[in-house]
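Novice: Take the given structure of chain A and dock chain B to it, following the hints.
First to last, the protein sequences are chains A and B. Under this note's numbering, think of the first position of the first sequence as 1, with each following residue one higher. Under this note's numbering, think of the first position of the second sequence as 1, with each following residue one higher.
Think of the hints as simulated: they come from the structure by calculation, not from any bench. Treat the hints with caution; some may be incorrect.
[What the hints assert, rightly or not] Covered stretches of chain A, going by a simulated chain B footprint (3 or more residues, C-beta under 8 Å): (1) 14-26; (2) 33-47.
[To be verified] Covered by chain A, per the in silico footprint, the following chain B stretches (three or more residues, Cβ under 8 Å): (3) 71-82; (4) 323-337.
[Unchecked claim] Now the in silico label distances, taken between C-beta atoms and shown as ranges: (5) B:192 to A:79: 56 to 64 Å; (6) A:14 to B:108: 43 to 51 Å; (7) B:92 to A:61: 40 to 48 Å; (8) A:48 to B:344: 43 to 51 Å; (9) B:384 to A:82: 55 to 63 Å.
A virtual CB, placed ideally from N, CA and C, is assigned to each residue, including glycine.
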Amino acid sequence: MGETIEEALRRFLVGELGLPPEVAVDSPLAESGLLVSAQLLEVVVFVEDTYGVVMRPVDAVPEKMRSIATIAGVVRERLRERGAA
Amino acid sequence: MSARVTVPLARSVPADLRADVAERLSHAASGVVGHEIAADGSSVTIALAEGAAPEAAAASVSALVDGMTARHRDVPRVVVFEHRVTPRHTEAVWDELVAGGLVSLEGAGLATLAGDAVDVVEALDRVITTIARGAYGARPRQYPTLIATEALDRAHYFSSFPHHATFALHVRDDLDAIDAVASRPETRAGVLAGPAHVLSPAVCFHAYVELRDRPLAEHLALTARGRCFRWESRNFETLERLWDFSLREIIFLGPEGWVEDQRRAWVDETARLVESLELDAWIETANDPFFIGNFVAQRYFQLVSHTKYELRLALPYAPGRSLAAASYNLHRDYFGRSFGIAEGGGFAHTSCVGFGLERFAWALFAQHGPDLRGWPATVRRALSLDG
Numbered sequence: 001m002g003e004t005i006e007e008a009l010r011r012f013l014v015g016e017l018g019l020p021p022e023v024a025v026d027s028p029l030a031e032s033g034l035l036v037s038a039q040l041l042e043v044v045v046f047v048e049d050t051y052g053v054v055m056r057p058v059d060a061v062p063e064k065m066r067s068i069a070t071i072a073g074v075v076r077e078r079l080r081e082r083g084a085a
Numbered sequence: 001m002s003a004r005v006t007v008p009l010a011r012s013v014p015a016d017l018r019a020d021v022a023e024r025l026s027h028a029a030s031g032v033v034g035h036e037i038a039a040d041g042s043s044v045t046i047a048l049a050e051g052a053a054p055e056a057a058a059a060s061v062s063a064l065v066d067g068m069t070a071r072h073r074d075v076p077r078v079v080v081f082e083h084r085v086t087p088r089h090t091e092a093v094w095d096e097l098v099a100g101g102l103v104s105l106e107g108a109g110l111a112t113l114a115g116d117a118v119d120v121v122e123a124l125d126r127v128i129t130t131i132a133r134g135a136y137g138a139r140p141r142q143y144p145t146l147i148a149t150e151a152l153d154r155a156h157y158f159s160s161f162p163h164h165a166t167f168a169l170h171v172r173d174d175l176d177a178i179d180a181v182a183s184r185p186e187t188r189a190g191v192l193a194g195p196a197h198v199l200s201p202a203v204c205f206h207a208y209v210e211l212r213d214r215p216l217a218e219h220l221a222l223t224a225r226g227r228c229f230r231w232e233s234r235n236f237e238t239l240e241r242l243w244d245f246s247l248r249e250i251i252f253l254g255p256e257g258w259v260e261d262q263r264r265a266w267v268d269e270t271a272r273l274v275e276s277l278e279l280d281a282w283i284e285t286a287n288d289p290f291f292i293g294n295f296v297a298q299r300y301f302q303l304v305s306h307t308k309y310e311l312r313l314a315l316p317y318a319p320g321r322s323l324a325a326a327s328y329n330l331h332r333d334y335f336g337r338s339f340g341i342a343e344g345g346g347f348a349h350t351s352c353v354g355f356g357l358e359r360f361a362w363a364l365f366a367q368h369g370p371d372l373r374g375w376p377a378t379v380r381r382a383l384s385l386d387g
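So that you can see chain A by itself, here it is in the shape it has in the complex (with noise of 0.2 Å):
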């Protein structure tokens, strides 16, 4: 079985971004400041080339990029919004 979204996402957060091994899905990524504001954009160019989804001002929100889990959401609303067309 292929890796979730949710997976890739950690393993880029922790591998490339030096996020600590033990964030969870749902771990406030901003908030604890976890994730800084330069950061934002790397994880927007690794959803678009991992996933060949565009993201949009409003999808990078930081309600939207508050957790893995949230992240994840945009993603499947992109990949739905692309398998619709």
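Specialist: Below, chain B without anything else, positioned relative to chain A:
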């Protein structure tokens, strides 16, 4: 006549980045005395000072633009307030203000204000301060003009705005060094100590220094006016862009929701203010003038998360142009964390609102004309200019 070189770019400069790139290009190389981005953004033509190496200058320009355009995302500005009116005055005002003795320049970015120009700056500050201390209970502060480089390191200032820093140096405590300064001007540069201090680029850093490394007893609003300094190279212009300028700030520290509410409330306060001053104005999302290392990522973050708004005032003598006269900044817990200001089991959230007083005054003169006595009575009353 200076030599001109056209530098082709790896990536064209997108339309929404032109102003940012043009500003930063002034800092690219000391041998470049002018620059122009091609209409289609595909190249930059630079004018070189005599003796400047064209290859090195072109490489710097190329690297700078490349650093600012890589991974660029178009994030449209969002207007959160607008008060669009047709300004009554559309002619240029600088020459008249100079001729009337209201402004003069000591040098690039160094302005002297006199008479009505001083009155307008002081009136604006009085109006803003009255609101800040009255409705918001902001406690007054008077901070130093110098700030330790260590404090700005703690705020990560130099990684974001290294090009703006203006360092303050003093003579080494050493008899020979003091004698050199007194009698051999050509040797001065070699006998200075530091740099341990910077001329403050903004007022709010002092508030974080004041409250550093201890818990915040209660949510807090502070207000202070300071002289601020940002080196802008060849970008200095009229009162719009000064090296040495006056900033009135209101700084909020406390829990997240409260800090956000204060910033939002100041957008509304400003809306009422610009309406009473009959100004052609709007408030929109914005980004700070980050240098290339942080520019792309931080710009994206600020624009999508609405952490910065700017008050734009039209400059009717140059159709389509406006200046930023105030900014509304939400830092989340960035400075609370950086300066160890504890609050509610975490770190204090902060926001600040800053009014550039000379800029604001400049826009008033530009929109209402150089003669204060010709301004609408309502505007004069709003600023209590009739005594």
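Novice: Confirm or reject each hint.
Specialist: Hints, verified against the model:
| no. | hint | verdict |
| --- | --- | --- |
| 1 | 14-26 | violated (count 0) |
| 2 | 33-47 | holds (count 9) |
| 3 | 71-82 | holds (count 4) |
| 4 | 323-337 | holds (count 4) |
| 5 | B:192 to A:79: 56 to 64 Å | holds (60 Å) |
| 6 | A:14 to B:108: 43 to 51 Å | holds (49 Å) |
| 7 | B:92 to A:61: 40 to 48 Å | holds (41 Å) |
| 8 | A:48 to B:344: 43 to 51 Å | violated (36 Å) |
| 9 | B:384 to A:82: 55 to 63 Å | holds (59 Å) |
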